[in-house]
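Using the sequences plus the hints, can you model the full thing?
Each chain, letter by letter, is given below.
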Amino acid sequence: MIRQALAVFRKDLASELRTRYAINALLMFVVVTLAVIMFALAGETLTPTALTGMLWVVMFFAAMSGLSRSFVAEEERGTTMTLQLLASPTAVYLGKLLFNLLLVAALNVFIVALFLLVMDQFVVSQFGLFWLVMLLGSLGIASATTIIAAIIARANTKGTLFPVLSFPVLLPLLMAGINATKIAVEDVRWDAVWPDLQLLGSYIVVITTVSFLLFDFVWKD
Amino acid sequence: MWWKILLFFWIAAFSAIGIVTPVAGDLGTVGMYAQMDAAKLLPVKFTVVDRGRAATEEEGGGWLLRGRDSHDREADFRFAERPADLETAEGWLVSARYDTQFHRVEVAEVLGASPAFSFPFIPGLEERAKIIFFHVPMAWMTVIAFLVSMWYGIRYLRKKDMDDDFRSAASAGLGLLFCILGTTTGSLWAKFNWGSFWNWDPRETSIFVLLLVYGAYFALRSAIEIEEKRAALSAVYSIIAAATVPFFVFIMPRLMPGLHPGSADDSNAGPVLSSGGMDTAMRMVLYSMLAGFLVLYGWLMSIQMRLHRIKLRRAESAA
Amino acid sequence: MKKRYLIGGGIVVVFLIIGGLSFLNSSVEYATLSKAEESGKRVQVTGTWVQEMSTHYDTENNRFIFYMRDEDNRVAKVEFAGAKPNNFDLATSVVAKGRYEDGMFKASEVLTKCPSKYEGNPDGDHPDGIKKSSL
Amino acid sequence: MHVQAETISKKFNRRAVFRDVSFTVEPGEVFGITGRNGSGKSTLLRIVGGLLTPSGGEIRYRLGTVAVAPETLHRSIGYVAPYLTLYEEFSAEENIVLYARIRGLRHTHAEAQALLERVGLPVDRRDPIRAFSSGMKQRMRLVFAILHRPPLLLLDEPISNLDSEGKRIVYGIVDEFRRHGAVIIATNDAEDIAQCDRTISVEAA
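Protein chains in written order, with this note's numbering: chain C, 143 to 363; chain S, 676 to 994; chain X, 166 to 300; chain V, 308 to 512.
In short, the hints are calculated from the structure, not lab data.
We put the CB at the ideal spot given by N, CA and C, even for glycine.
Among these hints, one or two may not hold up.
[Claimed, not checked] What follows is a set of in silico ranges between Cβ atoms, one per label pair, in the way DEER data are often shown:
no.	chain 1	residue 1	chain 2	residue 2	range
1	X	293	S	697	25 to 33 Å
2	V	434	X	178	47 to 55 Å
3	S	855	X	219	38 to 46 Å
4	X	178	V	431	56 to 64 Å
5	V	365	C	148	31 to 39 Å
6	C	155	V	417	22 to 30 Å
Encoded structure:
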């Protein structure tokens, strides 16, 4: 099962590397968004906490513009049936989840790196914690959006529907993630971050389990 | 048939009781306001202990009598003139304030004689406390309709019966209606009582999330043409949403400080759940309204189902 | 197949509870007056109105001035751009939104939180004229 | 592969495509599904292939005496249809490697070459399937279907877009897989029907 999931993941990765549908558009999206933010804030001094909020806004919208790709692409190219004939739903789900996870993690690393580079005021006090939160955040975003991408791939208005469906589901993650990142940035007490990490962790388990159980109904007609 | 008439009268009657029943304070409230806002007139209910006498010139004239409130506290009440039904009335509901100079209650206006039934006067809420009879049942129905919608969604996934999908969608529609009503009433009320329409109080956040979930649910439904697919996908979405919504609806508002009753910085669990903290009469009206709204929801659901069946039959006979 | 849903459902419930419990440990951060002064940002301070100190309404500039005590027991002058809020005298706590400037908290919005007990006022200090009847 | 379909019906938006279709396919048999355009041949084939859930009825699959669970059905089925799209950004051999890997099979370069030769595709083409002609794509679909040697082959209009050589290859495969398991063909073509041992006609309800 794991090996099949890995094969699906490798297929998506090879396909993405060959066509570069998502990667190029996403990198440009991030650059453009950051440019707009810098343009809008020209001369303003912002606190690290305000910038943390902005970082998550960029992360959320970047995820919203890229993560539906894996399923929508199958639907648009008409290969959904091919994949249904090739692999079990579980293998497909895990493979796509893995692909989305890699995509969102790479994207977030890129966003954070750019943020640190261009935003002088963005100073992180606890890098270990910061990256831990980023990792958990990426995991959560990937697991929540994978199942929703599978849902919207079957709908008519794919692009606009994705953020609409994702936002309410992602809200607990966003709240805990933003809070935890603020703590990592501001360097307040370490133990203050525990509740947020606990919430992030349980959110990831809950949403992944639910998606895992429900994917069959989404994937099979 | 009979139960629909009963339901109509039930809700109408308890709405009327909720709205019409006067709010009446006692001597405790009058005394409290004397120290804060001496000029403010409050509704006070009392029973007559002593029918009293005409007040002398030094006492300001009028009529003086002795009254007792519901907590067995007594004080002198001065009416500007001899009350009309002095001999028959066992008590009065009056608009009054406490006079700290003469240490007596100054009656400005008689609101009613021999008052029977009243809600307690809650400082800071006053007549506005009555929103609880409407707002709270609406909020409850919002959550209940969502859970019912999810329940029928799960049933659809198990049995693939299109009627279950329709029930799920109908329940979500009613839930959205109650959600909008609850949000609007709450928001208007908040402007008058808390000072702003919206303040991201944890409870406000939770109803906002529910509103988003309902909106997303219908956006998804409208975007899928094949009925079976629409049924399966919207059921899956409502289950996913239900896995994340409890954080907002049941946990966060109780554990975080906020403006709503039942928040973490409150001493009780809110008016509905805690046993104390609410006047018996108000509690009775609130529970009756909750029951009425619940039956109303059930009735609306059955109307929707019947309408659905009629439409199906017409479509069949047309084909 | 059935077992799969049972196990999955069990995991979901357990972790929903674990996630819910995280709120119990969280010390939700209020901005305090000291923090507001330090940062100079627009914040939301929760506290109580200090009844012993004078309140004042400046009709000319439409300013309401009162003193509030925050969670750290620090007292500061609050200048609210507006008339005295509804139910101000009765609020169990007040939430002031604004920023700390010129040695006082300049609030653009003041929210008043009311008592949540839906019952009458049985006890408390009574003025001399009100007496418990001796039944 | 033994397939037993009992009172299968399918509805789209409450409109019945077909109702109460029952049939049995024995191992070693070539079974034909015929019917006018729009009668639901492809829909029925998709249901047999586990790609669509029927609105009513049940299909049971048996390999020897062992029942095949729906979750593992995809391993036992090869499917060819004009509406089946392969991964067109990859070349023919890359596609084969991909199928083998996802199915968890071992594959060698020689095996891939042999498969391509078998369906009459040039073995050294590096360009993606996107650049293939429709007949070449149809041959590639055959590769997709027979790679894992499934005991049940489902063919939806298998000779569409094919020249006479292609037809011969298809019928050769049908012959081979009849011995190996069972074949179901959805078609209206007389040549195809001639290959079948039995046929069933699906009529719109």
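So, going through the hints one by one against the coordinates:
no., hint, in the structure
1, X:293 to S:697: 25 to 33 Å, "holds, 28 Å"
2, V:434 to X:178: 47 to 55 Å, "holds, 53 Å"
3, S:855 to X:219: 38 to 46 Å, "holds, 44 Å"
4, X:178 to V:431: 56 to 64 Å, "holds, 57 Å"
5, V:365 to C:148: 31 to 39 Å, "holds, 34 Å"
6, C:155 to V:417: 22 to 30 Å, "holds, 26 Å"
The earlier numbered hints are all upheld by this structure, with none contradicted.
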